[in-house]
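If you want the building blocks of each chain, they are given just below.
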Amino acid sequence: MNRKKIFLGIFLLIFSSINILASSSSNGVENFKLKDYNGKEVELSDFKDSKAIVIMFIATQCPVSNAYNERMAEVYNDYKKKGIAFIGINSNKQEGVDEIKEHAQKNNLGFTILKDEKNIIADKFSATVTPEVYVLNGNFEILYHGRIDDSRNAGDIKSQDLRKALDEILSGKRVSNTKTKAFGCTIKRVS
Amino acid sequence: MKKFFLAIFILTLFFNTASFADEKPKQGSKIIVEKIDKEKLDKLIKERKGKPLFLNLWATWCVPCREEFPSINKLADENKDVDFIGISVDFPEEVDSKIIPFLKTQKANFTSYVNGFEGDEALINALDKNWNGALPATFIFDKSGKKIVFLEGKRSYDEFKKEIEKVKKK
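First to last, the protein sequences are chains A and B.
Residue numbering for the first sequence follows our numbering, starting at 60 and increasing by one per position.
Residue numbering for the second sequence follows our numbering, starting at 76 and increasing by one per position.
The set of hints was computed from the structure by calculation and includes no laboratory data.
This one's a predicted model, so the numbers in the text were calculated from it and none came from an experiment.
Heads up, the beta-carbon is just placed ideally off N, CA and C, and yes, glycines get one too.
There may be inaccurate statements among the hints.
Said to hold, decoys possible - Cross-link-like lysine to any residue pairs, in silico, SDA-like; alpha carbons within 25 Å at most:
| id | chain 1 | residue 1 | chain 2 | residue 2 |
| --- | --- | --- | --- | --- |
| 1 | B | Lys126 | B | Tyr232 |
| 2 | B | Lys149 | B | Gly228 |
| 3 | B | Lys204 | A | Lys140 |
| 4 | A | Lys238 | B | Leu202 |
| 5 | B | Lys113 | B | Lys221 |
| 6 | B | Lys110 | B | Lys218 |
| 7 | A | Lys152 | B | Lys245 |
| 8 | B | Lys204 | A | Leu202 |
| 9 | B | Lys110 | A | Pro122 |
| 10 | A | Lys247 | B | Asp195 |
| 11 | B | Lys149 | B | Lys245 |
Claimed, not checked - Partial selection, computed: residues in chain A whose CB lies under 7 Å from chain B:
| id | residue |
| --- | --- |
| 12 | Pro122 |
| 13 | Asp209 |
| 14 | Thr237 |
| 15 | Ala241 |
Please model the complete structure; the sequences and the hints are all you need to start from.
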């Protein structure tokens, strides 16, 4: 009887630890490798020592994403010096590397922008729109997912959600609002 | 004689301009795009009067939304036993400059509202908690106001038709 109880105890312990492992990995992403618009390979793990990694799914032709160009450039310039890494990802099938490069230069987007051919990374993140933002820690766990702020119209912003999340991370706090939503252009996937 | 022709010419010109000026506001006044808020949306969904509701979320800046619009127009013509409603998520101040001109070029035959919610997120969550805000999006409610179908992304005429038939049978 005692042995049975011990076995049951061990079984429950193993089972619960598997569950804990599964749940922690479900909130994280795997390392990935993509090429930037100059053809240089970049890995997510290149940024693992940053205080946080901001992944931004962006587009060249989407008017909503374009409405955020200036705000993306500003948030990058403000937070890169604080140890936050920024990666833009373009997963739209119709937007090629030359177009992405030209768009980035024209709009002063100084952060790394990767081309996600066949939208493999967008699928891994379950990203659906542009712009859509994920903030990861060095273990690639998702700390924040959603919008940059709460208004496509820069004059009507009431909540700077991305900046707020980054400030909380930098001051060692938990992100208070981990998930937000906004309308955007659907990522055009390969069919 | 010359003077006579000139007078006729001027008169014709005057009447043409007058009738054109008269027509313009008439065309504009046919399409009204009101703001929709939570209360209005809930009422719209609940007060079904025996008809299912086909609700399409779109924006003039959304290319796939514009592409699927003609299919919805056609289906609205063919399914008088279903209410077709659009909600544009353009800004309310863009009703005259963007929304109405788009509806005119499409010869839209169903009512469209403009997002009057406090922020995008409130409208997104009011329709589906699992929806991330990707456009276009279509919701079909049955005649009791129960949401049966949620379609994210651009759909074809045939896909819409199939889903409408499914809801009609409920």
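Checked hints:
1. B:Lys126 <-> B:Tyr232: Status holds; Cα separation ~20 Å.
2. B:Lys149 <-> B:Gly228: 18 Å, holds
3. B:Lys204 <-> A:Lys140: Status violated; Cα separation ~36 Å.
4. A:Lys238 <-> B:Leu202: Within the cut-off at roughly 17 Å; holds.
5. B:Lys113 <-> B:Lys221: 16 Å, holds
6. B:Lys110 <-> B:Lys218: Roughly 24 Å between the alpha carbons, so the hint for lysine 110 of chain B and lysine 218 of chain B holds.
7. A:Lys152 <-> B:Lys245: Answer violated: lysine 152 of chain A to lysine 245 of chain B is near 38 Å, above 25 Å.
8. B:Lys204 <-> A:Leu202: Between lysine 204 of chain B and leucine 202 of chain A the Cα gap is close to 20 Å, so the pair holds against 25 Å.
9. B:Lys110 <-> A:Pro122: Satisfied, since the Cα-Cα distance of roughly 22 Å is no more than 25 Å.
10. A:Lys247 <-> B:Asp195: This hinted pair holds, its Cα atoms lying about 21 Å apart.
11. B:Lys149 <-> B:Lys245: Measuring from Cα to Cα gives roughly 22 Å; hence the hint holds.
12. Pro122: 4 Å, holds
13. Asp209: 5 Å, holds
14. Thr237: Hint on threonine 237 of chain A: violated, closest Cβ of chain B at ~14 Å, above 7 Å.
15. Ala241: 5 Å, holds
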